[in-house]
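Chains as they are written, first to last, in the UniProt record's numbering: chain A, 1 to 962; chain B, 1 to 149.
I should point out that these hints are in silico values taken from the structure, not numbers from a laboratory. Heads up, a few of these hints could be off.
Stated by the list, open to error - List time: in silico BS3-like cross-link candidates among lysine-lysine, alpha-carbon distance up to 25 Å:
1) A/Lys735 to A/Lys876
2) A/Lys177 to A/Lys117
3) A/Lys298 to B/Lys13
4) A/Lys952 to A/Lys735
5) A/Lys217 to B/Lys51
6) A/Lys879 to B/Lys23
7) A/Lys87 to B/Lys104
8) A/Lys481 to A/Lys403
9) B/Lys13 to B/Lys55
10) B/Lys55 to A/Lys298
11) A/Lys892 to A/Lys876
12) A/Lys26 to B/Lys24
13) B/Lys69 to A/Lys290
14) A/Lys299 to B/Lys88
15) A/Lys876 to B/Lys25
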Amino acid sequence: MPAVSKGDGMRGLAVFISDIRNCKSKEAEIKRINKELANIRSKFKGDKALDGYSKKKYVCKLLFIFLLGHDIDFGHMEAVNLLSSNKYTEKQIGYLFISVLVNSNSELIRLINNAIKNDLSSRNPTFMCLALHCIANVGSREMAEAFASEIPRILVAGDTMDSVKQSAALCLLRLYKTSPDLVLMGEWTSRVVHLLNDQHMGVVTAAISLITCLSQKNPDEFKTCVSLAVSRLSRIVSSASTDLQDYTYYFVPAPWLSCKLLRLLQCYPPPEDGAVKGRLVECLETILNKAQEPPKSKKVQHSNAKNAILFEAISLIIHYDSEPNLLVRACNQLGQFLQHRETNLRYLALESMCTLASSEFSHEAVKTHIETVINALKTERDVSVRQRAADLLYAMCDRSNAKQIVAEMLSYLETADYSIREEMVLKVAILAEKYAVDYSWYVDTILNLIRIAGDYVSEEVWYRVIQIVINRDDVQGYAAKTVFEALQAPACHENMVKVGGYILGEFGNLIAGDPRSSPLVQFNLLHSKFHLCSVPTRALLLSAYIKFINLFPETKATIQEVLRCDSQIRNSDVELQQRAVEYLKLSSIASTDVLATVLEEMPPFPERESSILAKLKKKKGPGAVSVTELDDSKREAGELNGGADRGPDTAAMAASNASTPSPSADLLGIRSAAPVGAAQTNAGSLLVDVFSDSGPAAPSAAVNDDGFLSSAPPSEDPAPPLSEADELLNKFVCKNNGVLFENQLLQIGIKSEYRQNLGRMYLFYGNKTSVQFASFSTTVSCPGELQAQLNVQSKPVEPLVEGGAQIQQVLNIECITDFCDAPLLNIKFRYGGALQNLTLKLPVTINKFFQPTEMSSSDFFQRWKQLSQPQQEAQKIFKANHSMDTEVLKAKLLGLGTALLDNIDPNPENYVCAGVIQTKGQQIGCLLRLEPNAQAQMYRLTLRCSKDTVSKRLCELLAQQF
Amino acid sequence: LLFSRQGKLRLQKWFTPLTDREKKKVIRDMMMLVLARPPRSCNFLQWRDLKIVYKRYASLYFCAGLEDKDNELLALEVLHRYVELLDKYFGNVCELDIIFNFEKAYFILDEFLMGGEILETSKLAVGVSMEEADTLQETMEEYMSKPAY
Chain A
1 MPAVSKGDGM RGLAVFISDI RNCKSKEAEI KRINKELANI RSKFKGDKAL DGYSKKKYVC
61 KLLFIFLLGH DIDFGHMEAV NLLSSNKYTE KQIGYLFISV LVNSNSELIR LINNAIKNDL
121 SSRNPTFMCL ALHCIANVGS REMAEAFASE IPRILVAGDT MDSVKQSAAL CLLRLYKTSP
181 DLVLMGEWTS RVVHLLNDQH MGVVTAAISL ITCLSQKNPD EFKTCVSLAV SRLSRIVSSA
241 STDLQDYTYY FVPAPWLSCK LLRLLQCYPP PEDGAVKGRL VECLETILNK AQEPPKSKKV
301 QHSNAKNAIL FEAISLIIHY DSEPNLLVRA CNQLGQFLQH RETNLRYLAL ESMCTLASSE
361 FSHEAVKTHI ETVINALKTE RDVSVRQRAA DLLYAMCDRS NAKQIVAEML SYLETADYSI
421 REEMVLKVAI LAEKYAVDYS WYVDTILNLI RIAGDYVSEE VWYRVIQIVI NRDDVQGYAA
481 KTVFEALQAP ACHENMVKVG GYILGEFGNL IAGDPRSSPL VQFNLLHSKF HLCSVPTRAL
541 LLSAYIKFIN LFPETKATIQ EVLRCDSQIR NSDVELQQRA VEYLKLSSIA STDVLATVLE
601 EMPPFPERES SILAKLKKKK GPGAVSVTEL DDSKREAGEL NGGADRGPDT AAMAASNAST
661 PSPSADLLGI RSAAPVGAAQ TNAGSLLVDV FSDSGPAAPS AAVNDDGFLS SAPPSEDPAP
721 PLSEADELLN KFVCKNNGVL FENQLLQIGI KSEYRQNLGR MYLFYGNKTS VQFASFSTTV
781 SCPGELQAQL NVQSKPVEPL VEGGAQIQQV LNIECITDFC DAPLLNIKFR YGGALQNLTL
841 KLPVTINKFF QPTEMSSSDF FQRWKQLSQP QQEAQKIFKA NHSMDTEVLK AKLLGLGTAL
901 LDNIDPNPEN YVCAGVIQTK GQQIGCLLRL EPNAQAQMYR LTLRCSKDTV SKRLCELLAQ
961 QF
Chain B
1 LLFSRQGKLR LQKWFTPLTD REKKKVIRDM MMLVLARPPR SCNFLQWRDL KIVYKRYASL
61 YFCAGLEDKD NELLALEVLH RYVELLDKYF GNVCELDIIF NFEKAYFILD EFLMGGEILE
121 TSKLAVGVSM EEADTLQETM EEYMSKPAY
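Chain A with its partners taken away, still in its complex shape:
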């Protein structure tokens, strides 16, 4: 049994806990718990009124059971009853239960709030504190609404006990963090700031957390705190270790408060007032001096507390970035830590130095430690310390030491931990590019990188090297020679093969003069790797081969032979098969002139920010999950590819019939159009080879629709909607015009306008082939419920669409009531005898019927309050999928159809919108609030609408948009 030394132990509870602990199996445990639950239930339901003690005991047991991971669905009422008890321990358990198990049961919340209100006004400090704790622990919006105005009053009231003040300050901070709009400081500001002068150190400590947070949001209002903070700090720093009694922690005076003060000062620029500044600099010097003094205690706590203040002071110095002396001193003191016995200190020193390196004053000083840091990278036992060392090397790198650092990092890569390899690779790649004086060094470095850590070299890295090689004439020959040599290694990484294939395909001719690397030797070398590679790489190699045919006509026969063999031309992978067939055809039909045009050397890439850098930033960002990374890299690849925007204007669309170099078009056009017409398409497709992620996904899907290569069973029934139909739909939530769908045969463009509850949509069907489409027909249907919600009328279209022609169809749409689904558009036609059958979702979404509503801040909040029923609100927190740029966001929100309201939300980062959805039967008011968190790359979206289904639907739709 445990030694319960104080308090009133609850014997029943202790017995129960030991029973549970003695249970041999999970089953036994559950059995024991169920028995206890039944017992408690009968006790609660029993006729006899329970006394406070037993209620407390049972509630406590319930709590324990809940914490074991079982569901508790009763006892809330009893817990609330405990709140109104006069006994401290009973109240305490009640609050604990509420804090842990509170849900948004509105009835209960009211009772709880009442109990809290009673306690707050009880003038009994311990009860007040308990109530404040409960508010802070729950911190829900309801609580904020109920108490946000009450707490500041308690905080600044003259007669409030110190301990209550502390709780109130922190409680208010908690509410401010959850619902900043409800906590309005206004009139309290100056009195809160003056808490910094409070006699009681505890109050100051608590208040400063609140002030720090508030000043981050409203720096101007809290400006006066700077001088107060400085004088407080100087008093602490200069005090002897015994002056502060209880607040001295292992001989260090008030370390927590000191750090908080230094942190607060980091919210502001250096003080303008000379006297204040002088005093502050003095403080900082004292802190640096004190850190050098011999320790007053051997305890690790003493040095930790002391150094904590030192590190915080250093971050302030770095933040000011204006005192060269201090910066250099800081750097030197950190330098001493680099070789300190204590691992923690080494870690922190490396971390702080990273930021020091970015200051112009201390950059040089940091560089003097390069040897130590490299040594740390090599010998440190702890991964996280090594990681910091690598970060620091990255930060201190400049033109003068780039070669040394990159070399060290490369050699470290060979033994580096798997967890940090990818990041290291990115860093090396960036440094090599940034500080490359001659590009042959750059090429060497990257190829080395691929050789050493090929698995960790992401797409971006090798895209980038190719971009650079193509853009710089002087390095092309060297690059070709180097990759050629690198490829001669018996085992080389697939990424190397990719780079090799691409570069030799483009610039193989530059080294063909040497008999050791004659065209055939080059080809054979590449082809010897072919069978070991994955599909995307093979696809790339095939493209390289066709380029060879152009570069070296003498290889034509050999390459055609390779293309013709069964393993290529009958490959089970559609993408490979298609390429083999097309390239073979192209090489035999086209004249050398045509070949030369089609397969011309790639044009230089426009200069742009390195995508690697973007990737590293993203990696550093919070919670970079691998799945989203994959998406991102795909998107980036798309951008590299010349940013083929899938949503061109209608005008562009009309012109696109001839030969759009669309990224997914590939070579299919060659069958129907003349080779010359296909030339442009082809060039586009080669671009895709390297700069899309070479995934076969897009092209192969297109091939299926085509019905030429695949044998999708033709059927008269409308096909099920395309798998990507939802995705297509999402693209149109915030815009009305664009290309809805495109494959090899058909392009569908949309133009639409909406007024009130009516809309008109123009559909443009473009035949991309040169062959006529027969029996062309379209049907619009509203599945299920939608039939009663939306009325869509369409005029029939002409059954024949000539090659290259475009026809138009008009749809009239009426919104009868709010709806969730989208109408389906089915298209059928015959192309070359084969029936094509395709179903899409029409981008008609509820938000199209928005009327923007402008309103003032007070109106907005009044309506927001009116829509406070839980069902009326829909909220979602989600990860940003697109850029979080303000202008982009604004454009999207306007495209949504609502009015974007400025100056409503107290936080200028947030967006607030209002609009009314017009349906035939009713008008539905909607308010929207979007809170981006750039740091976490997350959004919180809140919608309140007068109709619950609308809130839900809009929330779903919008969550896909940002």
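Knowing the structure of chain A, use the given hints to seat chain B on it.
For chain B alone, kept in the frame of chain A given last:
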């Protein structure tokens, strides 16, 4: 809140709202990371965008997540001060004390990390300066016992 499962998690407290699933994931990741660390390595780690500070006391690991700007060394001392408080309250605290008096451990944490000294803790003359540290930040504390326990 406090979990006590199979000699694993002993106490947890969250200062930012998270769903249960996220919490479970965090706890699992945290245990894996911390328990896998070799002895005598440093007490700080980077995990996603949080800094993790942990320390082992006998069979228990104390661990807290900090935001980017928080001071690690001080957080380490927060953990230490909390252990001191438990020690003072229970008189040489051991894991069993925390299991059987979970509510007390929880109250002490509340007192310590919300400011204010009331009843029991006031008698302990806790340096009030400790109170708040990271309350408001994303901080969670878990006690984990070694699996061998």
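Here is how each hint holds up against the structure:
no., hint, result
1, A/Lys735 to A/Lys876, "22 Å, holds"
2, A/Lys177 to A/Lys117, "21 Å, holds"
3, A/Lys298 to B/Lys13, "32 Å, violated"
4, A/Lys952 to A/Lys735, "20 Å, holds"
5, A/Lys217 to B/Lys51, "23 Å, holds"
6, A/Lys879 to B/Lys23, "17 Å, holds"
7, A/Lys87 to B/Lys104, "16 Å, holds"
8, A/Lys481 to A/Lys403, "22 Å, holds"
9, B/Lys13 to B/Lys55, "16 Å, holds"
10, B/Lys55 to A/Lys298, "19 Å, holds"
11, A/Lys892 to A/Lys876, "18 Å, holds"
12, A/Lys26 to B/Lys24, "20 Å, holds"
13, B/Lys69 to A/Lys290, "23 Å, holds"
14, A/Lys299 to B/Lys88, "19 Å, holds"
15, A/Lys876 to B/Lys25, "20 Å, holds"
Hint check: a violation occurs at hint 3 only; the rest are consistent with the structure.
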